[in-house]
Amino acid sequence: MTSTTIVAGVDRQLKNHTSFYATVRHSLTMAYRGLLKVRRTPEQLIDVTIQPILFTLMFTYLFGGAIAGNIASYLLLLIPGILVQTVITTSTVTGVQLREDMDKGVFNRFKSLPIARIAPLAGALLADTIRYAIATILTFATGYMLGYRPDAGLGGIVAGGLLVIVVSWSLSWIFAFFGVIARSASSVQGISFLILFPLTFLSNAFVPVSTLPGWLQTFVNANPISHLISAVRQFANLGTIGSDFWLSLAGAAVVVAIFAPLTVRAYMRRA
Amino acid sequence: MKHSSHTPFAIEARGLVKVFGDNRAVDGVDLHVPTGSIYGVLGPNGAGKTTTINMLATLLRPDSGTATIFGHDIQEEPQIVRQLIGVTGQYASVDENLSATENLIIFGRLLGLGRAEARQKAVDLLEEFGLSDAAKRPIAKYSGGMRRRLDLAVSLIAQPPLIFLDEPTTGLDPRTRTQMWATIRRLVASGSTILLTTQYLDEADQLADRIAVIDHGHVVAEGTPDELKASVGVAALNITLDHEKDITQAKAVIEAVLHTTVQSPAPRTLTAPMAKPDGVTDVLIELRKAHIGLDEISVQKPTLDEVFLALTGTPVKEGEQS
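Protein chains in written order, with our numbering: chain F, 6 to 276; chain G, 3 to 324.
Read the hints as simulated data drawn from the structure, not as lab findings. Bear in mind the structure is a predicted one, so any value in this text is a computation, not a measurement. One or more hints might be untrue.
[Said to hold, decoys possible] Listed next, the in silico DSSO-like pairs over lysine-lysine satisfying Cα-Cα at most 27 Å (straight line):
{"id": "1", "chain 1": "G", "residue 1": "Lys291", "chain 2": "G", "residue 2": "Lys247"}
{"id": "2", "chain 1": "F", "residue 1": "Lys109", "chain 2": "G", "residue 2": "Lys138"}
{"id": "3", "chain 1": "G", "residue 1": "Lys303", "chain 2": "F", "residue 2": "Lys42"}
{"id": "4", "chain 1": "F", "residue 1": "Lys42", "chain 2": "F", "residue 2": "Lys109"}
{"id": "5", "chain 1": "G", "residue 1": "Lys291", "chain 2": "G", "residue 2": "Lys231"}
{"id": "6", "chain 1": "G", "residue 1": "Lys253", "chain 2": "G", "residue 2": "Lys291"}
{"id": "7", "chain 1": "F", "residue 1": "Lys109", "chain 2": "G", "residue 2": "Lys143"}
{"id": "8", "chain 1": "F", "residue 1": "Lys42", "chain 2": "G", "residue 2": "Lys138"}
{"id": "9", "chain 1": "G", "residue 1": "Lys253", "chain 2": "G", "residue 2": "Lys231"}
Let the sequences and hints guide you as you build the complete structure.
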């Protein structure tokens, strides 16, 4: 302070809008902040590290014999299901953490800075893709150790993994929206769980659909989660792209088209 | 944008109003803060100090009224205003989980510094605020004083010409408070304008060039510390009488001598502001002449309570949220 002289307020050349380039840079810095926070509080990663390993082990040995006759053939069915369930559940964290962040003092500071209003939101969504990547890799790795050897090999797995990450990112807009409008972080958690728990379980993730009662089959077949799981199975087992892939992508695009503007608008009103 | 560059004021606010539900938190506040000065906003909890700052810092939209920062309207040109201000809140607004260095680097990057520049700025500011040793520690492990210092350091990254300090020393021990005062004085010496809110009369007295006293969302008095003191007296006289029956007569005697309003907070007690402590001599002589017996007498510096009593006629209400 002693060495510098402050430039007087009236002598500064200033603009009242933020350029696109600056907006991207601010968002990347906010994403960097998100990653730093993960590094400082690694316990935040429990849901994307322990959960995929634990669930894969549990379901494989619990249901493998009963549903598919043996472990190896059940894994072909199960791993894509577990993958989708785990990664999509992870996308709810975006909303919970956003709510927590917005309740903190640091958020007031963000608002007082001459940065793009959207940057904290964009940064949070961006940083969370790393969580999806971790969950994806760990699920496949656990499966591999248990004997998961899909026919399409690594290429199919990578393609399936990327699809799940993209769809989860799209869905995270829904939970970001709840995060912005909800009153507390725990209520976001509650709403998210209520939506996702039935959606992920009442799908083709764990059991063959043919074993279900008719009315439930109708629901399961209509469930977008089922289509995503089928698309991943197709990638991993056959190495092909089918209608489920396009349906999943289209569904994701619709979600983003609806929830991104809603979230941004609600967010800007508070920011 | 240059049209208003002649204004000598860092802040000009007219009729600012903010209503929360049926609570008029800020009810028509006018402020004129000259560039290069320390301006104190003095008031109890719930007076509307923080809400006023939040509006001036573009965090809250005023329900009515206007304000400009160096001639830039807070509602029309918020993004410009944000480039001219630094805000240090009542509660440390930094990332709890990150270290001081990481916080400073992130805010530096957000404010447009390059990678190396941001790092260098972080090192410099930590050095300046005596936080170098704790640079790598997460903020969650910081003491209250260290948080305030870091918080202020973050506000100074962009060297803003106007700095808002919302109760910068509330909850600090006396030694840390003195350090904070020294820092604030250095800031102004380098050319910044500072608006600070405080609940402490002596803090405003020590630091501010001008003071606005605010209560229930209104500015109830404004002026230099000396002017304000003249209006409430530099000392408060407290007298407890031997007998309750003398109270009316004693009150009249004191009012006649000191030419001021005398309050009676208890049946046998009278308090009065005094311009100079030696006014007490005349009061005692007159009371003796009137044969009024005294149980106890003291002369104290006026507290914020008495300033309010004198300015508003109502005592400070405790426990209201700002």
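Verification of the hints:
1. G/Lys291 - G/Lys247: 17 Å, holds
2. F/Lys109 - G/Lys138: 21 Å, holds
3. G/Lys303 - F/Lys42: Between G/Lys303 and F/Lys42 the Cα gap is close to 49 Å, so the pair fails against 27 Å, i.e. violated.
4. F/Lys42 - F/Lys109: Given that 27 Å is the threshold and the Cα spacing comes to 14 Å, the pair holds.
5. G/Lys291 - G/Lys231: It is violated: about 30 Å lies between the C-alpha atoms, which goes past 27 Å.
6. G/Lys253 - G/Lys291: 14 Å, holds
7. F/Lys109 - G/Lys143: Given pair F/Lys109, G/Lys143 holds - Cα atoms ~17 Å apart, limit 27 Å.
8. F/Lys42 - G/Lys138: Distance of about 14 Å is within 27 Å: holds.
9. G/Lys253 - G/Lys231: Holds. G/Lys253 to G/Lys231 sits at ~22 Å (cutoff 27 Å).
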